[in-house]
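Input sequences plus hints: build the corresponding full structure.
Take 19 as the starting number for the sequence shown in this note's numbering and just add one per residue.
The hints are simulated quantities; they were obtained by calculation from the structure and are not laboratory data.
Among the hints, erroneous ones may be present.
Claimed, not checked - Under the rule of at most 27 Å between Cα atoms (straight-line distance), these lysine-lysine pairs were calculated in the BS3-like manner:
| hint | residue 1 | residue 2 |
| --- | --- | --- |
| 1 | Lys216 | Lys469 |
| 2 | Lys230 | Lys421 |
| 3 | Lys469 | Lys378 |
| 4 | Lys216 | Lys230 |
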Amino acid sequence: MGTLVCHTTPYSGRWYPGDRPRLNALLEELFERSAARTGPGLFPGGLAFVVPHAGLIYSGTVAAAAYRHLAQQSPRTVVVLGFTHHGGPAGAWIPPVDRYRTPLGEVPVDRELARELLARPGFGSLREEVLCDHSIEIQLPLLQRAVPAATIVPVYVTSLSPAMRRQAAAALVELLTPERVLVASSDFTHYGDAFRYKPFATDAAVAMRLEKLDEGFIEAAGSLEPERFLAALEAARATVCGREPVALLLETLGASPAAEDIFQVTLDYQTSGEITGDYSHSVSYATLGYFPWSSYLLAEPDQRILLESARATLRHYQQTGRPEPVPPAGASAALLRRLGAFVTLHQQGRLRGCVGRCTKADPLASAVPQLTLSAALEDTRFPPVRPEETGLEVEISILSPMKWLPEPSRFRVHRDGGYLRAATRSGLLLPQVAEGRSWTARDFLEALAQKAGCPPKVYEDPQTRLFVFRAQVIQ
Numbered sequence: 019m020g021t022l023v024c025h026t027t028p029y030s031g032r033w034y035p036g037d038r039p040r041l042n043a044l045l046e047e048l049f050e051r052s053a054a055r056t057g058p059g060l061f062p063g064g065l066a067f068v069v070p071h072a073g074l075i076y077s078g079t080v081a082a083a084a085y086r087h088l089a090q091q092s093p094r095t096v097v098v099l100g101f102t103h104h105g106g107p108a109g110a111w112i113p114p115v116d117r118y119r120t121p122l123g124e125v126p127v128d129r130e131l132a133r134e135l136l137a138r139p140g141f142g143s144l145r146e147e148v149l150c151d152h153s154i155e156i157q158l159p160l161l162q163r164a165v166p167a168a169t170i171v172p173v174y175v176t177s178l179s180p181a182m183r184r185q186a187a188a189a190l191v192e193l194l195t196p197e198r199v200l201v202a203s204s205d206f207t208h209y210g211d212a213f214r215y216k217p218f219a220t221d222a223a224v225a226m227r228l229e230k231l232d233e234g235f236i237e238a239a240g241s242l243e244p245e246r247f248l249a250a251l252e253a254a255r256a257t258v259c260g261r262e263p264v265a266l267l268l269e270t271l272g273a274s275p276a277a278e279d280i281f282q283v284t285l286d287y288q289t290s291g292e293i294t295g296d297y298s299h300s301v302s303y304a305t306l307g308y309f310p311w312s313s314y315l316l317a318e319p320d321q322r323i324l325l326e327s328a329r330a331t332l333r334h335y336q337q338t339g340r341p342e343p344v345p346p347a348g349a350s351a352a353l354l355r356r357l358g359a360f361v362t363l364h365q366q367g368r369l370r371g372c373v374g375r376c377t378k379a380d381p382l383a384s385a386v387p388q389l390t391l392s393a394a395l396e397d398t399r400f401p402p403v404r405p406e407e408t409g410l411e412v413e414i415s416i417l418s419p420m421k422w423l424p425e426p427s428r429f430r431v432h433r434d435g436g437y438l439r440a441a442t443r444s445g446l447l448l449p450q451v452a453e454g455r456s457w458t459a460r461d462f463l464e465a466l467a468q469k470a471g472c473p474p475k476v477y478e479d480p481q482t483r484l485f486v487f488r489a490q491v492i493q
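Following this line, the structure appears as structure tokens:
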């Protein structure tokens, strides 16, 4: 790697406070704000994260959503994929540095892992003074606050061809372990005259339009297909600055043998326009997490507690006539996770009501009791449940995040649930709908299209978005 040096960050005192006490105070505030915004329900076992990189007073709260997960996870090494805003030669570059110094102290480089990567095709070494950029260095104080003992490997990713990206991903996917996590540094849409990007007017709807625009890019990233992500950016002429590190992260995860089991979740999202009140010059910040399906599962004690909460809510309504949710008793932090959920009521083996939401607006502990009441009282296919009814059985489905599936041929019946969006219509079927039926994947997708009120083959239309998800069924 050449001469090993300690690199002192030039961003101290500019992008964040330059002294330890004030920087520590700011980081504490950012982590507290993050917990207040997104709640204490964290997911274990994160494989990778996309994290913003503006000045800490702007994007630090959103970025902290990733680092709170890393604090829980405590990885040994974080491979930070950044880039140079000032350009540079094409490649995946590791600078010959053995530690980085911030006001909080030094962050060691995992030199052994760096050497392993440099021995593989797709990686090279380039001087830090050529590469130095805030895309990587803004992550360091956050990491020091979250995992003080962690080492890093900084990788600057610039203008990779598809072949170069595949080479680099092949090396990363082989070297990653549960103790090594990927972080790709990127902001999302840069909007306004200063960025020469105004696809819509700065009016009362600009915040909603920005979020919808970014949602399209985030959905594309969730496919784990870098070419889909890059094509979405190209189609919108997007100003997402860290497309190269994000694309390498997606290529790496997509090359994993467990790629089908990895689901992306948006941990937080905000714009600088929301923070400053000035949407004429706004940058979007998104923190995305990539977790295996197992990370979204509830342990057996939490399943029991949640099921009893749903049953108690139904009993309370039938006994008192008051539609009041009964919250879980002794809920753990896992029940404070925000995931989609459905509650299904059966009576003598027949459907009696089913209502859910695939968004993650509320924690499971509050969403499931409320959905129980909705299934009992608001499913318009059935009359409301009466107090004297007996034999009602409750089934809860906890949904993974949605994953865009561009190729319907990869749908797996009995494993996958489906959500279809075609123009103004949409429909959802839980995986267990196929139980007891000799359905093929085509049968399921045609039933899903029918649920959405669309022609049977609409899922084959390039304008249709098909998403898959998994469901943990509790009964």
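Provide an ascending list of the numbers of those earlier hints which the structure does not satisfy. 1
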